[in-house]
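*Asks:* Fit chain C with the ligands to the known structure of chain F by using the hints.
Chains as they are written, first to last, in the working numbering: chain F, 1 to 335; chain C, 1 to 254.
Keep in mind that the hints were calculated from the coordinates and are not lab data.
A portion of the hints provided could be inaccurate.
As the list claims (entries may be wrong) - Computed cross-link-like contacts, DSSO-like style, restricted to lysine-lysine with a CA-CA straight-line distance of at most 27 Å:
id, chain 1, residue 1, chain 2, residue 2
1, F, 131, F, 143
2, F, 131, C, 2
3, F, 143, F, 177
4, C, 87, F, 34
5, F, 177, F, 24
6, F, 177, C, 2
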Amino acid sequence: MPGAGRRGAHAPTPAREFWLIETKGLRKSYPSGKHGRTVDAVRGIDLDVRAGEIFGFLGPNGAGKTTTLRMLATLIRPDGGAALIAGADLLADPAEVRRRIGYVAQGGGTADAVSGREELVMQARMYGIRKADALRQAEDALKAFDLTEFADRHCSTYSGGQRRRVDIALGVIHSPKVLFLDEPTVGLDPASRGQVWAEIQRLRTEGMTVVVTTHYLDEADALCDRVAIVDHGRVVVEGTPEALKREISGDVVLLGLAAGEAGPAADALRGQPYLHRLEPGEDGLRLYLDDGAAAIPQLLSVLNAAGIVPGTVQLQRPSLDDVFLARTGRSIEQS
Amino acid sequence: MKLARDTWLVFQRQVLLMWRTPIWIVVGITQPVFYLLLFAPLLKKVLAPMGATSYAEAYQIYVPGLLAVLCIFGGLYTGFSLLGELKAGIIERSRVTPVSRLALLLGRALREMVGLLVQAVIITLCALPFGLRVDPGSLLLAYVLLGLLALMTSALSYGIALALPNDAAMSPVVNTVAQPIGLLSGVLLPLALAPAWLQRVAEWNPFYWAVEGMRALFSGHPGDSVVWQGLLIVAVLTAVAVSASARLFSARIR
Ligand SMILES: Nc1ncnc2c1ncn2[C@@H]1O[C@H](COP(=O)(O)OP(=O)(O)O)[C@@H](O)[C@H]1O
Ligand SMILES: [Mg+2]
Numbered sequence: 001m002p003g004a005g006r007r008g009a010h011a012p013t014p015a016r017e018f019w020l021i022e023t024k025g026l027r028k029s030y031p032s033g034k035h036g037r038t039v040d041a042v043r044g045i046d047l048d049v050r051a052g053e054i055f056g057f058l059g060p061n062g063a064g065k066t067t068t069l070r071m072l073a074t075l076i077r078p079d080g081g082a083a084l085i086a087g088a089d090l091l092a093d094p095a096e097v098r099r100r101i102g103y104v105a106q107g108g109g110t111a112d113a114v115s116g117r118e119e120l121v122m123q124a125r126m127y128g129i130r131k132a133d134a135l136r137q138a139e140d141a142l143k144a145f146d147l148t149e150f151a152d153r154h155c156s157t158y159s160g161g162q163r164r165r166v167d168i169a170l171g172v173i174h175s176p177k178v179l180f181l182d183e184p185t186v187g188l189d190p191a192s193r194g195q196v197w198a199e200i201q202r203l204r205t206e207g208m209t210v211v212v213t214t215h216y217l218d219e220a221d222a223l224c225d226r227v228a229i230v231d232h233g234r235v236v237v238e239g240t241p242e243a244l245k246r247e248i249s250g251d252v253v254l255l256g257l258a259a260g261e262a263g264p265a266a267d268a269l270r271g272q273p274y275l276h277r278l279e280p281g282e283d284g285l286r287l288y289l290d291d292g293a294a295a296i297p298q299l300l301s302v303l304n305a306a307g308i309v310p311g312t313v314q315l316q317r318p319s320l321d322d323v324f325l326a327r328t329g330r331s332i333e334q335s
Numbered sequence: 001m002k003l004a005r006d007t008w009l010v011f012q013r014q015v016l017l018m019w020r021t022p023i024w025i026v027v028g029i030t031q032p033v034f035y036l037l038l039f040a041p042l043l044k045k046v047l048a049p050m051g052a053t054s055y056a057e058a059y060q061i062y063v064p065g066l067l068a069v070l071c072i073f074g075g076l077y078t079g080f081s082l083l084g085e086l087k088a089g090i091i092e093r094s095r096v097t098p099v100s101r102l103a104l105l106l107g108r109a110l111r112e113m114v115g116l117l118v119q120a121v122i123i124t125l126c127a128l129p130f131g132l133r134v135d136p137g138s139l140l141l142a143y144v145l146l147g148l149l150a151l152m153t154s155a156l157s158y159g160i161a162l163a164l165p166n167d168a169a170m171s172p173v174v175n176t177v178a179q180p181i182g183l184l185s186g187v188l189l190p191l192a193l194a195p196a197w198l199q200r201v202a203e204w205n206p207f208y209w210a211v212e213g214m215r216a217l218f219s220g221h222p223g224d225s226v227v228w229q230g231l232l233i234v235a236v237l238t239a240v241a242v243s244a245s246a247r248l249f250s251a252r253i254r
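Isolated chain F, as found in the complex:
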């Protein structure tokens, strides 16, 4: 169902053939090196990814995103669980899975002393494509990803954004059904980040299913049709960004406070009837309440009475971080 776009949380469950990826209880532990103990990196992940969507895998560092992706890309064997990817069984037929997927690691995988074009040809040849066809497909990819300008320079001379786009072009040279991207925008400047988003969206409109991991909330929110929020190797919650945020009822008010004022301000505000929850935020406090606009005047007068004048007051709709916070008691950006 390419380009189906976003669905509401209560949209009817599509028929089975729409699931392009189904995983059940995927698990992976690593030996931690000390006294035979292990790190449970992934502790039972169930995912359902629909054909033609951009699926986000959102979570803090160490949540198990990379491990999950590497299992789905046949790079590491799961300790337990099962997965069906584009109709191929991960454990029984990894070779077939490889033919149907593309995978781009967080660090990419280009050599320094070869050009982007040479890498694309090599990649196509590794998929068994004949030389003449590989040359043509590399040329097509260079055009599609707008890489021709630097295609014949060595990869070592590329900027971060250029290298990233070559990485993605490498991941889809064989037109896979699913593309896995591990943190594709980490370390990129905002302009390159936008270009990478645009490429991902273009691939989706061409009918590809894209699974992307990220620890950027705005990325998951803006780019993904659906997200699974992961923490400590488990899926905490899954749904469209809209539906997830809708679950967090009400508004968020951000108070910008001088250093040392957050404590007294929290003391003064605690117990106010309209306030659901209060969390320390960056440079101040985050207040969760039903109707922000109505509550702000009262908030300010309570603070005034305590001798506190906030530097800034901002009214926000809940973000995916608020969803994470509500579920785990921590903020993604701080964990």
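*Replies:* Just chain C with the ligands now, kept in the frame of chain F:
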């Protein structure tokens, strides 16, 4: 013939990468030539107890050892280049494709083997003016033995690079493997000079047989039993090293 095709693909890529780092070609050629020229004045005296009365005879003993050490050590150290490829994600990128895992290993090991054989030919040619004489048939057989040696030690070295938990462990492990192999195979000086107990120990070193085989070939005795024994031992070990290492290429998790 997917294996052959994929191996050729990986081999070509590795050759391209080598051409683009010309410093290795310069080092690869000058180093063995230095070994040959700088040791020459010492050789005649040192090898006199083995019956070497002329430079020609000294080189007959020394050159096959030098060639063997070149291939053994050259191969053992080739795993370091794999560490770079692992870090850059090139191996991981390859492993997501259906490319043959054995080809990922063989293409690289064969590139290394060809590089080492080219160096071996250069050394042989440089030794000719000093009076080295080998019959072409024996020489060809010696190169086969050298090629197998290079293949085995490269595969072993790649295996070590893949199996180790971190890059820092590579140097100590390779050095620890290489030193006794080198000393006990009599590569630079024949173990005939060694006391009996040391010779007894050396007989357990497969590389000792390879080096003895090389010497027999260079001294014009291709029919000696050490020749086929050396070839057989090295061939078996090559098969073992290649298959174990190829398994690591498909299964590694690091
Ligand atoms: N090769 C490994 N050996 C041991 N522990 C690992 C290894 N890879 C990942 N881990 C651990 O597994 C957990 C999940 O890691 P990862 O999947 O990389 O998370 P993420 O990609 O979400 O940041 C972390 O605690 C990490 O330290
Ligand atoms: Mg990661």
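*Asks:* Taking the hints in turn, state whether each one holds.
*Replies:* Consistency of the hints with the structure:
{"no.": "1", "hint": "F:131 - F:143", "result": "holds (19 Å)"}
{"no.": "2", "hint": "F:131 - C:2", "result": "holds (14 Å)"}
{"no.": "3", "hint": "F:143 - F:177", "result": "holds (21 Å)"}
{"no.": "4", "hint": "C:87 - F:34", "result": "holds (24 Å)"}
{"no.": "5", "hint": "F:177 - F:24", "result": "holds (20 Å)"}
{"no.": "6", "hint": "F:177 - C:2", "result": "holds (24 Å)"}
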